[in-house]
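Going down the list, the protein sequences come from chains A and B. Residues in the first sequence are numbered from 1 upward in steps of one, following my numbering. Residues in the second sequence are numbered from 1 upward in steps of one, following my numbering.
By construction, these hints were calculated from the structure, which means they are not laboratory data. The beta carbon of each residue, even a glycine, is placed where N, CA and C say it ideally should be. Hints may contain errors.
Stated by the list, open to error - Derived Cβ-Cβ restraints for the label pairs, each shown as a range: (1) A:Arg69 to B:Arg65: 26 to 34 Å; (2) A:Leu380 to B:Arg65: 28 to 36 Å; (3) A:Ser213 to B:Ala26: 26 to 34 Å; (4) A:Leu423 to B:Arg12: 38 to 46 Å; (5) B:Arg12 to A:Asp97: 24 to 32 Å; (6) A:Glu417 to B:Glu73: 49 to 57 Å; (7) A:Asn151 to B:Pro93: 48 to 56 Å; (8) B:Val51 to A:Pro240: 28 to 36 Å; (9) A:Ser243 to B:Val51: 24 to 32 Å; (10) B:Val51 to A:Gly420: 30 to 38 Å; (11) B:Arg15 to A:Asp3: 54 to 62 Å; (12) A:Leu423 to B:Val78: 34 to 42 Å; (13) B:Thr70 to A:Leu380: 49 to 57 Å.
Single-letter residue listing:
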Amino acid sequence: MSDLSKLTLADARAGLRAKKFSATELTEALLAAIEAGNRSLNAYVLPTPEIALRQAGASDARLAKGEARALEGLPLGIKDLYCTKGVRTTACSNILDGFTPTYESTVTQNLWDAGAVMLGKLNNDEFAMGSSNETSCFGPVASPWRRKGSNVALVPGGSSGGSAAAVAADLCLAATATDTGGSIRQPAAITGTVGIKPTYGRCSRWGIVAFASSLDQAGPIAKSVRDAAIMLRHMASADPKDSTCADLPVPDYEAEVGKSIKGLKVGVPKEYRIDGMPREIEDLWQQGIAWLKAAGATIHDVSLPHTKYALPAYYIVAPAECSSNLARYDGVRYGLRKPGKDLIDTYEETRAAGFGPEVRRRVLIGTYVLSAGYYDAYYLKAQKVRTLIKRDFDEAFAKVDVLLTPATPGPAFGVGEVSGDPLQMYLNDIFTVTVNMAGLPGIAVPGGLSSEGTPLGLQLIGKPFDEPTLFRAGQVIEDAAGRFAPPDRWWDARKGT
Amino acid sequence: MSRQVDEATVRRIARLARIKVTDAEAKALEGELSGILDWVKQLDEVDTDGVAPMTRVVAMTLKRRPDKVTDGEIADDVLANAPATEDRFFAVPKVVE
Numbered sequence: 001m002s003d004l005s006k007l008t009l010a011d012a013r014a015g016l017r018a019k020k021f022s023a024t025e026l027t028e029a030l031l032a033a034i035e036a037g038n039r040s041l042n043a044y045v046l047p048t049p050e051i052a053l054r055q056a057g058a059s060d061a062r063l064a065k066g067e068a069r070a071l072e073g074l075p076l077g078i079k080d081l082y083c084t085k086g087v088r089t090t091a092c093s094n095i096l097d098g099f100t101p102t103y104e105s106t107v108t109q110n111l112w113d114a115g116a117v118m119l120g121k122l123n124n125d126e127f128a129m130g131s132s133n134e135t136s137c138f139g140p141v142a143s144p145w146r147r148k149g150s151n152v153a154l155v156p157g158g159s160s161g162g163s164a165a166a167v168a169a170d171l172c173l174a175a176t177a178t179d180t181g182g183s184i185r186q187p188a189a190i191t192g193t194v195g196i197k198p199t200y201g202r203c204s205r206w207g208i209v210a211f212a213s214s215l216d217q218a219g220p221i222a223k224s225v226r227d228a229a230i231m232l233r234h235m236a237s238a239d240p241k242d243s244t245c246a247d248l249p250v251p252d253y254e255a256e257v258g259k260s261i262k263g264l265k266v267g268v269p270k271e272y273r274i275d276g277m278p279r280e281i282e283d284l285w286q287q288g289i290a291w292l293k294a295a296g297a298t299i300h301d302v303s304l305p306h307t308k309y310a311l312p313a314y315y316i317v318a319p320a321e322c323s324s325n326l327a328r329y330d331g332v333r334y335g336l337r338k339p340g341k342d343l344i345d346t347y348e349e350t351r352a353a354g355f356g357p358e359v360r361r362r363v364l365i366g367t368y369v370l371s372a373g374y375y376d377a378y379y380l381k382a383q384k385v386r387t388l389i390k391r392d393f394d395e396a397f398a399k400v401d402v403l404l405t406p407a408t409p410g411p412a413f414g415v416g417e418v419s420g421d422p423l424q425m426y427l428n429d430i431f432t433v434t435v436n437m438a439g440l441p442g443i444a445v446p447g448g449l450s451s452e453g454t455p456l457g458l459q460l461i462g463k464p465f466d467e468p469t470l471f472r473a474g475q476v477i478e479d480a481a482g483r484f485a486p487p488d489r490w491w492d493a494r495k496g497t
Numbered sequence: 001m002s003r004q005v006d007e008a009t010v011r012r013i014a015r016l017a018r019i020k021v022t023d024a025e026a027k028a029l030e031g032e033l034s035g036i037l038d039w040v041k042q043l044d045e046v047d048t049d050g051v052a053p054m055t056r057v058v059a060m061t062l063k064r065r066p067d068k069v070t071d072g073e074i075a076d077d078v079l080a081n082a083p084a085t086e087d088r089f090f091a092v093p094k095v096v097e
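All chains, please: the whole structure from these sequences, using the hints.
This is the structure in structure tokens:
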């Protein structure tokens, strides 16, 4: 039997239903891939083989009885930001050391209810704050991709770096992820995988460790556009436990995959052509335009004049909300406690020991911008700018159906290459953060390889709740560009055997 | 550009945020936080007169539910991850002498 771990989610689903292999065989293949590859990649912070094999056994029983559910027997990786009942969940922070939830997040519960199998918990930047997965308390994730002729370890992007690396290296069929400023789309783009951040409110945030509540959204990272559509359908739901979750039926996204885009109006925002952008990013963008045009779309120039203010506004809103959300980590109710000489001292010692440097930096920025006398100048100002960013998109979407942009300003960088400079790191999200600020859906689809031989992605941005158009247009790009896998499976300890 | 935060300000906000910082950390944070705050100050260029702050990303009315108890009586679950407990309470260092 060929290596089942390399199947797409859709092909694995077809194979299970045709009884070409069992859910247990499929799960064993993925567990073997994790066993052989995770030492080098560090994508999983906690593999859960016993749970996976138990769930796979139950799926085999259902498959045998002809009672298979939509995701029956399909093994997935879960970002460590999702609370999983009885399974350690840390957000990759020391402050949640040993935290074992007594409840399950709505999104993961939806996946288990659809029959999916959990392979384990995936690495991410601490509290999802980062663009390289270097801020995790479990250490960085290595991308399965390397530059041509080089052994330098590259980052998989972040914050969903473990999710992107695990999908790209075939250590799961698909993974859950989260996106506050680009944390699904940026890692997907630089690992050659597909990632979609749906409209704010499409997936429940209940049971997902909070970072910035007005920006956080759950979504999948997958091997193909079709796989991402399958995943999102079963992650999304209405949820009484999250008051910002939309009471809208979830469409059959997969049915959109392969539909024509003839007559689709595609907008190209001129403000995404930034100073110093590498030539190959511009070329990729032009190539994407040509592909959509060849498939029958019409191309229109649009303007989003407040684009350049999205990133600075984000770095007020996100830290402000994070400083409020992370106030709960006080060493009293869960997680780490570092005893001090009194209660206040215990709080201060605990939070100093438990939060890493980037999280501390953002909590302090957030505390500053929300402190007495500064609220209007920073937070209120940023929220007004956010209204203008949203208004730009509303005006563009009066003329076009979807926007096409690059997903990132460049290809993957090396571990340690950017981590010394927070502002330089923040620039990674320049093309993705606008979408969170406006609450819109965005998908990153592989478009080609850089001159270094590493992946580059295109981003499609849609109207609120118009994920169907993103899947339709995304598939057109995938059909034209093809899918990308790392040329050398250097991480696989079984290699050559 | 002028420095937005000095060392005393770093100490004040660290105190508000309940995070202990060492002298060396306070010094480093002074530069890092000033750099970020200087950079976000470019928002001052944007004319926001008469613009309402964004409060929600998609127009929706906040959901309501009947005012009924739907969960609870799970003290053991609530305490399961506590660093210290006593008689089904969270235990903390003495606050009042």
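We went through each hint and held it up to the structure:
Look at arginine 69 of chain A against arginine 65 of chain B: about 28 Å separates their beta carbons, and that is inside 26 to 34 Å. Checking the proposed 28 to 36 Å range against leucine 380 of chain A and arginine 65 of chain B shows it holds: the Cβ atoms sit about 31 Å from each other. Judged by the Cβ atoms, the range 26 to 34 Å given for serine 213 of chain A and alanine 26 of chain B holds: they are separated by roughly 29 Å. Between leucine 423 of chain A and arginine 12 of chain B the CB atoms are about 23 Å apart, so this pair departs from the stated range of 38 to 46 Å.
For the pair arginine 12 of chain B and aspartate 97 of chain A, the supplied restraint of 24 to 32 Å holds, since their beta-carbon distance comes to about 29 Å. With their beta carbons about 53 Å apart, glutamate 417 of chain A and glutamate 73 of chain B fall inside the hinted range of 49 to 57 Å. With their beta carbons about 50 Å apart, asparagine 151 of chain A and proline 93 of chain B fall inside the hinted range of 48 to 56 Å. Judged by the Cβ atoms, the range 28 to 36 Å given for valine 51 of chain B and proline 240 of chain A holds: they are separated by roughly 33 Å.
One distance hint, 24 to 32 Å for the beta-carbon pair serine 243 of chain A and valine 51 of chain B, holds here, with the actual separation near 26 Å. Taking 30 to 38 Å as the suggested C-beta distance range, the pair valine 51 of chain B and glycine 420 of chain A conforms, at roughly 36 Å. Range check, arginine 15 of chain B to aspartate 3 of chain A: Cβ separation about 56 Å, and the 54 to 62 Å hint holds. Range check, leucine 423 of chain A to valine 78 of chain B: Cβ separation about 41 Å, and the 34 to 42 Å hint holds.
A C-beta distance of roughly 36 Å is found between threonine 70 of chain B and leucine 380 of chain A, which places it outside the suggested range of 49 to 57 Å.
Going down the numbered hints, you'll see the structure goes against 4 and 13, while the others check out.
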